[in-house]
Amino acid sequence: MRLIPTEEQRELAATVRSFLADRVPMARVREVAGSDEPYDRTAWARLSSELGLAGLAVPEEHGGSGAGFGEVAAVLEELGAALAPVPYFSAVVAASLLVALDAKDLLPDVASGETVAVLAAPEEALPAGRLLDRGEWVLEGMVERVPDATAAGLLLVVASTGTDRRGVFAVAPDAPGLAVTPLTSFDLTRPQARVELGGVPARLLGPSDAGAVIDRTADVARVLLAAEQLGGLRRCLDVIVEYAKLRVQFGRYVGSFQGVKHKLADMHCVLEQAESVVRYAVWAADEAPDELPEAAALAASFLGRAYFQVARDHLLLHGGIGFTWEHDAHLYYKRAKADELMLGAPRTHRARLATALGLI
Amino acid sequence: MTDLDEYRSRARAWLAERTADLPPDPDLPQARAFMADLYDAGYVGITWPAAYGGRGLSAAEERAFQQAAADFPLPVGVFGIGLGMCGPTLLSLGTEEQKRRYLRPLLRGEEIWCQMFSEPGAGSDVASLQTRAVRDGDHWVVDGQKVWTSVARQADFGLLIARTDPDVPKHQGITMFVVDMRDPGVDVRPLRDMTGESHFNEVFFTGVRVPAENVVGEVDGGWSAAVTTLLHERVSIGMGATRTERPASFAALRTAARERGLLGEPGVRDLLLDLYLRERAFDLLNARMSQEVKAGIQPGARGSVSKLLLADLTLASADLASQILGPECLAGDGPIARALAWAPGMALGGGTNEIMRNIIGDRVLGLPREPQLDRNIPFKALKVGTQAKEDGE
Numbered sequence: 001m002r003l004i005p006t007e008e009q010r011e012l013a014a015t016v017r018s019f020l021a022d023r024v025p026m027a028r029v030r031e032v033a034g035s036d037e038p039y040d041r042t043a044w045a046r047l048s049s050e051l052g053l054a055g056l057a058v059p060e061e062h063g064g065s066g067a068g069f070g071e072v073a074a075v076l077e078e079l080g081a082a083l084a085p086v087p088y089f090s091a092v093v094a095a096s097l098l099v100a101l102d103a104k105d106l107l108p109d110v111a112s113g114e115t116v117a118v119l120a121a122p123e124e125a126l127p128a129g130r131l132l133d134r135g136e137w138v139l140e141g142m143v144e145r146v147p148d149a150t151a152a153g154l155l156l157v158v159a160s161t162g163t164d165r166r167g168v169f170a171v172a173p174d175a176p177g178l179a180v181t182p183l184t185s186f187d188l189t190r191p192q193a194r195v196e197l198g199g200v201p202a203r204l205l206g207p208s209d210a211g212a213v214i215d216r217t218a219d220v221a222r223v224l225l226a227a228e229q230l231g232g233l234r235r236c237l238d239v240i241v242e243y244a245k246l247r248v249q250f251g252r253y254v255g256s257f258q259g260v261k262h263k264l265a266d267m268h269c270v271l272e273q274a275e276s277v278v279r280y281a282v283w284a285a286d287e288a289p290d291e292l293p294e295a296a297a298l299a300a301s302f303l304g305r306a307y308f309q310v311a312r313d314h315l316l317l318h319g320g321i322g323f324t325w326e327h328d329a330h331l332y333y334k335r336a337k338a339d340e341l342m343l344g345a346p347r348t349h350r351a352r353l354a355t356a357l358g359l360i
Numbered sequence: 001m002t003d004l005d006e007y008r009s010r011a012r013a014w015l016a017e018r019t020a021d022l023p024p025d026p027d028l029p030q031a032r033a034f035m036a037d038l039y040d041a042g043y044v045g046i047t048w049p050a051a052y053g054g055r056g057l058s059a060a061e062e063r064a065f066q067q068a069a070a071d072f073p074l075p076v077g078v079f080g081i082g083l084g085m086c087g088p089t090l091l092s093l094g095t096e097e098q099k100r101r102y103l104r105p106l107l108r109g110e111e112i113w114c115q116m117f118s119e120p121g122a123g124s125d126v127a128s129l130q131t132r133a134v135r136d137g138d139h140w141v142v143d144g145q146k147v148w149t150s151v152a153r154q155a156d157f158g159l160l161i162a163r164t165d166p167d168v169p170k171h172q173g174i175t176m177f178v179v180d181m182r183d184p185g186v187d188v189r190p191l192r193d194m195t196g197e198s199h200f201n202e203v204f205f206t207g208v209r210v211p212a213e214n215v216v217g218e219v220d221g222g223w224s225a226a227v228t229t230l231l232h233e234r235v236s237i238g239m240g241a242t243r244t245e246r247p248a249s250f251a252a253l254r255t256a257a258r259e260r261g262l263l264g265e266p267g268v269r270d271l272l273l274d275l276y277l278r279e280r281a282f283d284l285l286n287a288r289m290s291q292e293v294k295a296g297i298q299p300g301a302r303g304s305v306s307k308l309l310l311a312d313l314t315l316a317s318a319d320l321a322s323q324i325l326g327p328e329c330l331a332g333d334g335p336i337a338r339a340l341a342w343a344p345g346m347a348l349g350g351g352t353n354e355i356m357r358n359i360i361g362d363r364v365l366g367l368p369r370e371p372q373l374d375r376n377i378p379f380k381a382l383k384v385g386t387q388a389k390e391d392g393e
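Protein sequences appear in the order of chains A and B. According to this note's numbering, numbering within the first sequence proceeds without interruption in unit steps and concludes at 360. According to this note's numbering, numbering within the second sequence proceeds without interruption in unit steps and concludes at 393.
Same shape as in the complex, but just chain A:
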């Protein structure tokens, strides 16, 4: 079990961090959030092609770099810290599913970042796949709140293919009968959209009974989101610690008051634990498939709470300025809450964890 990053992962993180500081400062994050653009296309182009990050965990024979989730997690931590408005999380989850399904023809464009693939995989109320006489599939149904769906150059839709059977379908963004409607998102930095499928022609990728692969991808998504959450959590703590060293009230730096200092110490303890949980879960995703379901449920349960609590307290410790629109604290607060709920209500993560631990 490896719980500390490799030298290469640290260097990768530093490269991404300096790129983001330079090219995607908070002013740019706000600019994209306030526009109709679904994401920062310039930043995405440079991250995916120049830095080669889109295909990080895609095998080399499919145009990727053949690295692991450890490297992807290192990138996600930095993107989460910066609230970078790029669909990287969605794209790497979709890429890992395509790798698992051995979708050779789609992978090169996804690995190069040319095509942003986005996964629409609801836990319940799946769209229905219907096999036509000609051997072609059409999809019927609706998926609510799909992150980054408006950015998708390729939609991967999980749909039922029979009783207790699920398959993965590729849907082109301009397919007839498809409607992708942007929603008002609580988290301004990660847009969501409703995906409506009215008899949309779709291509089945892999077997028509791909439940195990889909479940494993869901676990990978939980682990990768946890890595992104860790980055945001750390940034929140860094920011409020710096502020506590500068802000003076009652003739003292507020960070010298125990009421503030002890809160920050507790937040640091949360960070230390959260980092340990994420490192373990990422290791399990790369190296220990048997441990992945429990590790993913652990990571989702722990990081959801941890990030929201730290983001909330970082906002509160700023005092009144933290409640203003101009201050960035609310962007993190909203991201943390949206992240906590994005892959299902926290109770569902806890229920899965309880199952993995033999409590049910």
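One or more of the hints may lead you astray.
[Claimed, not checked] Coverage of chain B stretches by chain A, computed from C-beta distances (three or more under 8 Å per stretch; other residues unrestricted):
1) 167 to 181
2) 267 to 278
3) 282 to 290
4) 360 to 373
The hints are simulated quantities; they were obtained by calculation from the structure and are not laboratory data. Think of the CB as a built atom: it goes at the ideal place given N, C-alpha and C, for glycine as much as any other residue.
We have chain A; now place chain B onto it with these hints.
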């Protein structure tokens, strides 16, 4: 097999053989005999200089031995303060004579050591201690009282800090001494703690004459020496935790709940999940920190994070166990009742939770320190300990 693997497996083989016929609860002579054999086999003071009885090997061998030893219950608890705190302090601050005189017998378990810092009036604020040491020719004369002293009854020597200059601010007038615990002026009395047992002692000093050559470090420079000693304590308390027994662990409670048919209750499941999340995160943090140590990253003040989380976990798990098991767990002298009675000790010994949070805030996060009102006032002008309220306060 690397040299290190070989070292580890040799250590394991030695330990397996030597511990095979140890009684479950060895007495002091048996523990001493074990320690002497362990030393003679080369497994004590592994990284300490050979000149002082150590083996002069690297931290890698020390870790390899610790890994091997983790599987065996070793009767070395009574030597822990000496090995973990007093020895390292003497090694870095002691005179050549002190190191030659004390370290080898300490390592071999021939002489047992204790540490005497806390006082009834100086708990979190140890630097406000009142035990006095007054120079008299080539001796110092010690009068005062210490408290929470582990193994004082068995100890041959102790590291003491005492006030040697009350006319300067509190941190500046303290000196560290080696004290002979067999001196007739040293009176050790067991302290009955809230568990009903006596794990600690009070130590009273009445006119104890300590030779001047027993000063450790500089006269009036004892505070920085004490800080060094205490840092060793924090790391050892938190990091060793995975080896201590946890009667209220998640695994134990899950079994207990299953046997009683309680797992179907959503409330029970939720409590168990909360415990699992805390325990797992704590264990993973310790595992990560020890990987960092192996990679050459020293935990430093981050040891306080581990200590604070362990204290919280200890309190929470015993409490939570009682909520699941109900009144039966308090009857008799069961493991949960004992865990509940023990738990506050972990949050107080080695620095209270509040002190841990100060350390994390000041030394890990680099936050501005609290203004210290007593920093530049001569000790004799300070109020210390527990005082009656004065008018207007």
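> Can you list which hints this structure breaks, lowest number first?
Replying inline: As far as the earlier hints go, only 1 is violated by this structure.
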